[in-house]
Amino acid sequence: MKICFLVPSAYGMRGDTRAVLNLATELAGRHEVEIISVRRVREAPFFPVDPRIALRWLIDARPGVRHLLPRGQMRTEVALWRTLRGLRGDVLVTTRPGLSVQAARHVPRETLRIAREWSRPAVPAPVRRFYPKLDAVVASTEATGEEMIRLLDGAGDPPVLVVPDALPPAPWPRSRMDNRIVSAGGRWLPGKSFDRLIRAFAIVADKRPDWRLRLYGGGPEEKRLRALVGELNLHNNVYFMGTTPDLQGEFAKASIVAVTSHAETPGMTVIEALACGVPVVGFEGARGFGEFVTPGRDSVLVPSGEGEIGAYASALLALIDDERRRMVLAAGARESAAEHAAPAIAARWESLVEGLRARV
Amino acid sequence: MRVVVTDAEVTLADVLSLRVSIEHPLPEGTRLVLRQRGTGSEAKVVLGTPGAEARDASVAVSLTPLGLAPGRWDTYLEHDGGPGDGEPARRTRMHCVDPGFSLDRLDAYALSRRTMAYRAYRTLNGYLALKISPAEPVADVRAVWFREGRFEVTGLLAYTGFDDDDAHRTARLALRSTSGPDTAVTAAATVQGVRFHAALSLCDVIAATPEYEGLWAPSLEVDGLETPLPLGARIDDVDGKRRRVQYPDTSVDGVPVRPCYTVDDELRLEVGG
Numbered sequence: 001m002k003i004c005f006l007v008p009s010a011y012g013m014r015g016d017t018r019a020v021l022n023l024a025t026e027l028a029g030r031h032e033v034e035i036i037s038v039r040r041v042r043e044a045p046f047f048p049v050d051p052r053i054a055l056r057w058l059i060d061a062r063p064g065v066r067h068l069l070p071r072g073q074m075r076t077e078v079a080l081w082r083t084l085r086g087l088r089g090d091v092l093v094t095t096r097p098g099l100s101v102q103a104a105r106h107v108p109r110e111t112l113r114i115a116r117e118w119s120r121p122a123v124p125a126p127v128r129r130f131y132p133k134l135d136a137v138v139a140s141t142e143a144t145g146e147e148m149i150r151l152l153d154g155a156g157d158p159p160v161l162v163v164p165d166a167l168p169p170a171p172w173p174r175s176r177m178d179n180r181i182v183s184a185g186g187r188w189l190p191g192k193s194f195d196r197l198i199r200a201f202a203i204v205a206d207k208r209p210d211w212r213l214r215l216y217g218g219g220p221e222e223k224r225l226r227a228l229v230g231e232l233n234l235h236n237n238v239y240f241m242g243t244t245p246d247l248q249g250e251f252a253k254a255s256i257v258a259v260t261s262h263a264e265t266p267g268m269t270v271i272e273a274l275a276c277g278v279p280v281v282g283f284e285g286a287r288g289f290g291e292f293v294t295p296g297r298d299s300v301l302v303p304s305g306e307g308e309i310g311a312y313a314s315a316l317l318a319l320i321d322d323e324r325r326r327m328v329l330a331a332g333a334r335e336s337a338a339e340h341a342a343p344a345i346a347a348r349w350e351s352l353v354e355g356l357r358a359r360v
Numbered sequence: 001m002r003v004v005v006t007d008a009e010v011t012l013a014d015v016l017s018l019r020v021s022i023e024h025p026l027p028e029g030t031r032l033v034l035r036q037r038g039t040g041s042e043a044k045v046v047l048g049t050p051g052a053e054a055r056d057a058s059v060a061v062s063l064t065p066l067g068l069a070p071g072r073w074d075t076y077l078e079h080d081g082g083p084g085d086g087e088p089a090r091r092t093r094m095h096c097v098d099p100g101f102s103l104d105r106l107d108a109y110a111l112s113r114r115t116m117a118y119r120a121y122r123t124l125n126g127y128l129a130l131k132i133s134p135a136e137p138v139a140d141v142r143a144v145w146f147r148e149g150r151f152e153v154t155g156l157l158a159y160t161g162f163d164d165d166d167a168h169r170t171a172r173l174a175l176r177s178t179s180g181p182d183t184a185v186t187a188a189a190t191v192q193g194v195r196f197h198a199a200l201s202l203c204d205v206i207a208a209t210p211e212y213e214g215l216w217a218p219s220l221e222v223d224g225l226e227t228p229l230p231l232g233a234r235i236d237d238v239d240g241k242r243r244r245v246q247y248p249d250t251s252v253d254g255v256p257v258r259p260c261y262t263v264d265d266e267l268r269l270e271v272g273g
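Protein chains in written order, with our numbering: chain A, 1 to 360; chain B, 1 to 273.
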């Protein structure tokens, strides 16, 4: 079976890119797998790509590369249209609503077209209009699945299914839980709310000055976060660790992973932390966060709203002071991560595709 | 053969101690191979207890007699190909799920006097490797502050051979310009066991020389040690503190002062614009 993944960029550092690569790596053992990256934004992909996966790109968007006609967005449209019209494969998985809509319009019917959704599409009208032409919508979480069903008026066409994201192949690194480190990872964007984490950690560092906060990632918020660290006098406690292709290995050095994201879905970070056997502390009601964890078994949830930063700091301090509880949560975290193992997730995708093909 | 290291540590006696999970018992004559990155030079150690019917094996290899050069070393298990002669030896790189160290144990490791520091770690790709670096007595910085016009620094003395007890020693923090005249600003420092704390008036630094602009290198002169200790921050896994740590700046009489790290993680005080 030839399986194509169409992604906006396979070159960047994003949780969803990571998830697609993990799934593609596992499927590449049994199938012909191709990843089509619409844009190429850097020389080599940020995350390592398995050599069995064929990777190609449509638009060269590396810094300094200039194009003659057609330019800008038009060039992307044309390249995408040409690729989709001529696509030969058994399954096409598109990973953005914009790409899924184009796939619904242009990809030949012989190919099974599946839209992969991580969150509710920002522009619903074209989704409502063109998604019924697709063969299936596969959401990463139950909540996203329900949102998609609501958006498509619950017609059941296309069917909306739920398959969670996959972790990289085992063995996963494992934390010893003996370093006094709180880690957090992700792109430094306003929606990820790392500023709230730093503010909460100021309260923690005041009581437990030997604990350190390590922030992994990079992004436009860096300057603001560094200024905040200076303002709160946390320079001895907060390290800006930068980006790493091995976030799991770094999480395995920590005893707690903190997720303060409100607007952005923090999927991969949470699963990767659980796989290392590190408990996660996050906010209740944050988009999607509650779906990846079982509070009390592998994580701690803090109610959001008024006084949330104080409550978050208290939750961190309670976990810092209770080593036994940390150990219990760590064991639970590893069990929770098992259901995200790549072979299990790939098998679910395979049976899903078999089912859809039988229907057609 | 699949080899996964579930526990890795370099002990205080410089013994690489591993717990390994393996599919098949290790055949007789299995060797642990250490291969240096860059040069490709190798060191081999034949492991004992061959043929034990166990899925978990413990390996302990003393590193000092191997005479390994500073650098990064990858680890492999190697055993002979099979019964037939002439078959090439098979080599398996060792997967690792353990971080290879913990920060408290690194501190304990740095208590004794050493010339070479060994640390096991997990590479980005998930394999076991060794980092070997020359070690000399150093004052390891844990925190710095600007408070009330003073520059304060605290941390641990590493590789000095001092005991971690309550014994007081007299010490001085000296600040020398890295370029320019050989003048030093000194202040008394407290050393208790291996912990040190020092505070230095920034006005003295500015007043020491009218040509104050440039980098100033702090060092700790401790009674009982022949050479002054440089101030660094290398006893952990965070390399490149220059960009990873956000130190505050202050200004004294209109002159900006900022602590920073060099590329090899030594503390400096940057005075002037």
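Just so you know, not all the hints are guaranteed correct.
Restraint ranges, calculated between C-beta atoms of paired labels, are given here [to be verified]:
#, chain 1, residue 1, chain 2, residue 2, range
1, B, 251, A, 243, 50 to 58 Å
2, B, 170, A, 222, 42 to 50 Å
3, B, 253, A, 71, 52 to 60 Å
4, B, 223, A, 294, 42 to 50 Å
5, A, 331, B, 253, 39 to 47 Å
6, A, 325, B, 224, 21 to 29 Å
7, B, 190, A, 62, 31 to 39 Å
8, B, 250, A, 222, 17 to 25 Å
9, A, 74, B, 125, 51 to 59 Å
10, A, 294, B, 40, 32 to 40 Å
11, A, 63, B, 143, 49 to 57 Å
12, A, 348, B, 67, 33 to 41 Å
Hints are computed from structural coordinates only; laboratory data are not their basis. Each residue gets a CB set at the ideal place from its N, CA and C atoms; glycine is no exception.
Consistency of the hints with the structure:
1. 251/B / 243/A: 50 to 58 Å: Given range 50 to 58 Å: violated, Cβ gap about 33 Å.
2. 170/B / 222/A: 42 to 50 Å: Holds, since residue 170/B and residue 222/A (Cβ atoms, about 43 Å apart) stay within the stated range.
3. 253/B / 71/A: 52 to 60 Å: 55 Å, holds
4. 223/B / 294/A: 42 to 50 Å: This hint is violated: roughly 57 Å between Cβ atoms.
5. 331/A / 253/B: 39 to 47 Å: Check failed, 57 Å falls outside 39 to 47 Å.
6. 325/A / 224/B: 21 to 29 Å: Between residue 325/A and residue 224/B, where Cβ atoms are some 44 Å apart, the hint is violated.
7. 190/B / 62/A: 31 to 39 Å: 54 Å, violated
8. 250/B / 222/A: 17 to 25 Å: Since residue 250/B and residue 222/A have Cβ atoms about 22 Å apart, the given range 17 to 25 Å holds.
9. 74/A / 125/B: 51 to 59 Å: 40 Å, violated
10. 294/A / 40/B: 32 to 40 Å: Given about 48 Å between the Cβ atoms, the range is violated.
11. 63/A / 143/B: 49 to 57 Å: With a Cβ separation near 38 Å, residue 63/A and residue 143/B fall outside 49 to 57 Å, so the hint is violated.
12. 348/A / 67/B: 33 to 41 Å: Check failed, 53 Å falls outside 33 to 41 Å.
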